[in-house]
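4 protein chains.
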Amino acid sequence: MSQYATLVVAVVGTGRMGADHVRRLNDVISGARVAAVVDIDADRAKRVADGIEGCTPHTDPAAAMADPSVDAVLIASPGAAHEEALLAAFARDLPVLCEKPLTPDPASALRVLEAEQRLGRRRVQVGFMRRYDADYLKLKALLDQGAYGRPLMLHNKHRNADTPPGFTNAMMIHDSVVHEIDVTRWLLDEEITAVRVLRPAPSGHAPEGLSDPQLILFETAAGQIVDTELFVNCGFGYQVGCEAVCEGGTARIGDDHGVFINAAGKWGGSITPGFVERFEEAYDRQVQRWVDATRRGEVEGPSCWDGYAAAAVCEAGVRAQATGERVEVELVERPALYR
Amino acid sequence: MSQYATLVVAVVGTGRMGADHVRRLNDVISGARVAAVVDIDADRAKRVADGIEGCTPHTDPAAAMADPSVDAVLIASPGAAHEEALLAAFARDLPVLCEKPLTPDPASALRVLEAEQRLGRRRVQVGFMRRYDADYLKLKALLDQGAYGRPLMLHNKHRNADTPPGFTNAMMIHDSVVHEIDVTRWLLDEEITAVRVLRPAPSGHAPEGLSDPQLILFETAAGQIVDTELFVNCGFGYQVGCEAVCEGGTARIGDDHGVFINAAGKWGGSITPGFVERFEEAYDRQVQRWVDATRRGEVEGPSCWDGYAAAAVCEAGVRAQATGERVEVELVERPALYR
Amino acid sequence: MSQYATLVVAVVGTGRMGADHVRRLNDVISGARVAAVVDIDADRAKRVADGIEGCTPHTDPAAAMADPSVDAVLIASPGAAHEEALLAAFARDLPVLCEKPLTPDPASALRVLEAEQRLGRRRVQVGFMRRYDADYLKLKALLDQGAYGRPLMLHNKHRNADTPPGFTNAMMIHDSVVHEIDVTRWLLDEEITAVRVLRPAPSGHAPEGLSDPQLILFETAAGQIVDTELFVNCGFGYQVGCEAVCEGGTARIGDDHGVFINAAGKWGGSITPGFVERFEEAYDRQVQRWVDATRRGEVEGPSCWDGYAAAAVCEAGVRAQATGERVEVELVERPALYR
Amino acid sequence: MSQYATLVVAVVGTGRMGADHVRRLNDVISGARVAAVVDIDADRAKRVADGIEGCTPHTDPAAAMADPSVDAVLIASPGAAHEEALLAAFARDLPVLCEKPLTPDPASALRVLEAEQRLGRRRVQVGFMRRYDADYLKLKALLDQGAYGRPLMLHNKHRNADTPPGFTNAMMIHDSVVHEIDVTRWLLDEEITAVRVLRPAPSGHAPEGLSDPQLILFETAAGQIVDTELFVNCGFGYQVGCEAVCEGGTARIGDDHGVFINAAGKWGGSITPGFVERFEEAYDRQVQRWVDATRRGEVEGPSCWDGYAAAAVCEAGVRAQATGERVEVELVERPALYR
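In the order they appear, the protein sequences are chains A, B, C and D.
Heads up: take any position in the first sequence, counting from 1, add 20, and you land on the working numbering.
Heads up: take any position in the second sequence, counting from 1, add 20, and you land on the working numbering.
Heads up: take any position in the third sequence, counting from 1, add 20, and you land on the working numbering.
Heads up: take any position in the fourth sequence, counting from 1, add 20, and you land on the working numbering.
A few of these clues could be false.
Because identical chains cannot be distinguished in the list, a pair is counted as satisfied if it fits within a single copy or across any two copies.
Unchecked claim - Below 30 Å or equal to it, Euclidean Cα-Cα: the simulated DSSO-like pairs (lysine-lysine) are:
#1 Lys286 <-> Lys66
#2 Lys160 <-> Lys66
#3 Lys66 <-> Lys158
#4 Lys286 <-> Lys158
#5 Lys286 <-> Lys160
Hints are computed from structural coordinates only; laboratory data are not their basis.
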């Protein structure tokens with residue numbers, strides 16, 4: 021595979037997450053396309069494949085990976101199916117992006133770990149996506165710089181509006197807290213050595229049998245303490261927050277304003293240095309929308325009329341600037357094409 | 021061009037903005053590639069083209085557009101060169117994304133406007149990228165919904181840390197305020213009918229001859245008043261803000277916390293409803309990084325060890341949850357592959 | 021009058037503001053009492069005086085000031101009545117706190133000014149109370165320190181939920197903008213030399229005939245520009261804000277979080293250095309409530325039971341700290357007196 | 021003692037807190053004066069008494085309380101001396117404001133409790149001053165209204181810049197956490213039934229032997245969980261925060277912007293309804309400053325010149341409003357008296 025070649029991907033699992041990853045690979049990001057999709061539900065696999073040029077549906081992961089055009093595998097099937105798919109990918113030495121969890125329990129995870137070691141090199145990236153969130157990345161960079169000294173504690177918050185039917189106490193750990201487990205290990209670069217769970221009297225909005233909220237406490241190998249409020253039926257929306265308490269300051273994310281610092285007698289955050297940083301995503305979105313519309317044979321967005329009107333106001337503005345007076349803007353009548 | 025075909029783009033201008041758009045088209049967004057680059061500096065065009073498979077350098081826009089594989093044109097040359105490039109694109113009926121300004125003055129803009137009308141359909145999108153910024157989009161949506169009544173005033177802020185050598189008062193309008201001109205027209209959906217510019221005693225940090233800051237005042241056809249603080253040597257960073265004052269509330273962007281509302285006795289904003297909205301960009305970034313690394317033959321990101329450790333902590337967590345006790349986490353020794 | 025003597029005050033005007041000042045002088049602040057109240061409405065004066073030990077009602081300001089026990093005068097009658105009351109106070113050389121406006125127009129103000137000069141020393145403090153607001157005081161201190169260089173512009177906001185019947189455009193200046201006039205002159209320590217008023221198309225919630233909102237623009241003797249959004253039927257509450265744009269940073273008050281600074285690449289504010297600054301008002305309020313209750317013969321607030329329970333939890337806490345274990349708190353049964 | 025009589029107070033303890041309470045009683049609040057001060061250090065008592073008209077120094081609390089003019093007692097001596105002073109006040113049936121702690125341990129507190137019960141009515145208010153803080157009061161009111169359902173958890177933060185020499189782990193509970201103990205009991209209206217203390221690896225800035233920070237966990241009789249981060253050498257200032265997690269929303273204080281709510285899809289707070297609420301303290305401070313200056317024979321604050329200048333700008337403003345033009349402000353030359 022040349023550096024410039026498009027990455028050809030097989031996606032295992034075409035449920036909600038899998039279908040979203042198919043869309044992402046084909047329509048959002050650069051440099052990849054989906055050539056095979058796998059689902060034990062053959063109809064679902066076929067429906068997804070039908071929408072994509074050159075994409076074949078499968079029911080067996082190994083069969084999809086046998087396609088010689090496939091360069092890499094994205095696994096988004098239920099956790100219990102991961103081990104088999106991972107081992108099939110290892111058999112063909114294919115790189116894998118595996119949605120979390122790697123596998124549902126330590127014993128099976130250990131088998132995967134050992135299989136990858138037999139390959140002699142890493143093939144798997146696990147889908148802990150918070151490590152790619154802009155706010156968590158900034159917090160991680162701050163901690164790695166050590167600007168405020170060593171981190172001593174983390175205070176996490178993890179709130180969901182509500183839970184789907186059948187959500188259990190164990191799922192609160194496996195599906196929700198698992199993110200704080202990874203965030204803790206990644207931010208602090210330490211293993212977690214002990215866990216406590218405190219269960220207050222549950223909310224009246226908690227489904228029968230669910231102990232919600234809970235307070236989860238971690239200790240790390242370095243003696244740090246991490247607390248996590250998990251409240252999965254909070255009713256008001258989705259909120260994820262993390263405050264790192266360091267020797268000389270605290271840094272908090274999750275309040276909708278980037279990284280919030282307490283240090284050296286001040287609270288606050290950083291100002292974007294320039295327009296590139298501020299509007300980088302707007303530029304990306306602008307060009308993506310233009311490409312998408314053009315591929316559909318359409319034209320949208322700001323028109324020549326908008327360009328003309330801006331030029332006319334600029335001209336008046338420069339005159340107003342020079343004279344200090346009110347200057348009227350003159351425009352031709354708006355042509356039909358731009359109404 | 022089929023709906024699924026990659027859009028083949030010629031980029032006119034390979035300076036800072038042009039080179040950045042080349043990178044964006046090839047490496048960031050989905051569905052496009054650059055097949056031709058144009059610059060009056062032949063060496064610069066060649067340097068940019070050399071880094072891209074199947075990309076030809078040109079010094080003449082019309083020659084680049086003559087390549088029959090070219091589907092569309094992105095113009096990022098200096099404003100004075102836009103008219104010629106736009107007319108060349110019109111001659112071949114090619115869709116265009118034209119960086120702002122459309123052209124530097126109303127007379128030339130009018131010529132472009134007339135030429136496009138002769139084509140009988142829109143071919144041009146002008147690069148007012150703020151219309152694609154997440155915050156401005158939310159503000160626009162709020163105003164269009166009319167949740168707080170009609171907008172009566174806008175208060176804009178536009179601050180730069182400093183200006184490059186040779187920056188003039190006229191450029192403060194043409195290069196800086198032009199964004200507020202477009203934002204005003206777009207947010208309010210009204211033409212600007214008059215302009216005033218008030219010039220306070222300048223900052224000691226303003227370069228000789230530059231009247232900085234300035235207060236620019238617009239009136240719209242609907243009688244709205246818009247003020248803009250322009251301060252291009254503020255020293256502390258880049259800040260863009262807009263507060264819309266409506267009949268029943270105000271909505272402000274630019275303070276690093278999304279849209280800030282005053283209405284009905286409350287200040288504040290909205291909570292993200294779910295993890296998809298909150299982490300959408302993290303998912304995109306995760307998969308893009310995986311594809312990029314895989315294309316380079318590398319593996320990075322969370323490893324199988326991270327997956328295993330998470331599974332082990334989850335197992336301990338579920339036990340801690342059930343017993344109310346402190347539960348120690350047991351891990352095998354970390355294998356060499358994951359150190 | 022000795023330094024330790026209580027200041028004996030005559031209050032002129034017993035409407036809403038006047039009655040509130042009577043309460044303030046007697047029950048809130050230290051070192052003063054009201055011995056005379058004046059109102060052209062004799063019944064109203066009597067009703068107010070009846071509630072206060074040793075207080076006499078009057079209908080004529082001069083008669084009240086003739087009481088030899090009166091040390092000072094607080095004028096809170098309508099503006100048109102101020103000149104007469106001020107001159108009566110000057111006749112007896114009494115110090116005056118005069119609610120704003122000093123008088124309603126420059127000609128009468130000039131007469132007062134000349135009369136005070138004839139006394140040869142200042143006797144009057146005008147009631148521009150924003151100069152005593154904690155946030156404005158902090159902003160003033162920042163500007164006086166010059167930490168961010170000279171102030172170049174001020175952006176003011178002045179919003180009221182709604183206006184009483186009969187509120188006019190002229191009252192928007194005389195009753196509302198007058199505060200920004202004083203704030204501008206005080207913060208910048210410069211006279212205002214010119215005024216512009218821009219009137220956008222009014223809100224649908226503005227009463228018939230009222231041009232609301234308005235944008236008021238001041239120029240100062242030093243060439244600074246000050247803009248004020250005045251919106252007196254904004255519907256959502258009362259908001260007052262001021263952002264000072266200085267050569268090297270901006271400082272904003274009015275967003276419910278003290279002074280908000282943009283400077284040197286950071287946004288944010290200061291952290292209170294210690295508990296005295298943080299809880300000073302709580303201490304004042306605590307002791308005032310205790311004195312008030314005790315004077316009424318009552319006991320309220322935290323009880324001995326609260327003190328005992330705190331001691332018991334502390335004891336358990338110290339044990340928990342030493343052992344690392346969960347320690348139960350033991351309390352005697354709660355006595356009837358504390359239920 | 022009549023309802024209108026000044027409350028005559030004996031203050032026991034004239035150290036930092038005691039001297040501050042003397043100042044508060046005499047110069048800040050309304051309706052009280054200090055007639056006796058007590059300190060085992062006779063010189064210190066004398067120095068404090070000397071500054072106050074009609075105030076006698078004592079070394080024995082009982083002797084001070086024997087003064088028949090004394091109406092009430094404020095105890096601000098070290099905690100170990102409280103029991104004796106309280107019993108002396110009970111012997112004379114005097115109302116007491118007792119600084120926290122009531123006494124240093126549950127056994128002595130229980131003796132005081134029993135003594136007060138023998139009086140048959142409450143005589144003591146304990147100085148847990150956070151119950152009088154504006155932010156805590158708002159949070160308490162919210163919880164009592166139950167607007168967001170029952171409170172399930174509290175997250176407290178208590179941070180000090182640093183600790184004085186000799187500060188011990190036990191003092192972290194007795195002097196610092198004691199506030200969170202009272203806040204918890206008061207806000208939740210429940211007793212604390214169990215305590216845990218988790219001690220992370222200490223900060224490098226913690227003095228030898230001090231385990232700083234700590235995480236303190238309370239359980240309440242109703243099954244609520246309360247966590248408190250105590251970090252007394254955080255270095256950056258003093259911060260106290262409390263977030264109440266309720267069944268349908270959270271309410272947080274301590275981030276310098278009043279009460280911050282998450283509920284019903286929104287984050288944010290309340291807007292002050294009117295100028296009285298917004299500027300109440302400014303009015304109090306204005307009048308207090310005026311009374312203080314007048315008692316010293318001085319005049320300060322806004323002058324007649326300020327009143328005149330405001331009137332002149334108002335007049336110009338009304339003209340500018342009517343004409344839409346720039347109107348110059350005319351002032352007489354500033355008289356010497358007002359320079």
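Checked hints:
Taking the shortest Cα distances, Lys286 and Lys66 never come within 30 Å of each other, neither inside one copy (57 Å) nor across copies (41 Å). Taking CA atoms no more than 30 Å apart as the test, Lys160 paired with Lys66 passes in neither setting, with 41 Å inside one copy and 39 Å between copies. Taking the shortest Cα distances, Lys66 and Lys158 never come within 30 Å of each other, neither inside one copy (41 Å) nor across copies (37 Å). For the identical chains of this complex, Lys286 and Lys158 are neighbours both inside a copy (19 Å) and across copies (15 Å), given an alpha-carbon limit of 30 Å.
In this assembly of identical chains, the alpha carbons of Lys286 and Lys160 lie at most 30 Å apart whether taken from the same copy (21 Å) or from different copies (19 Å).
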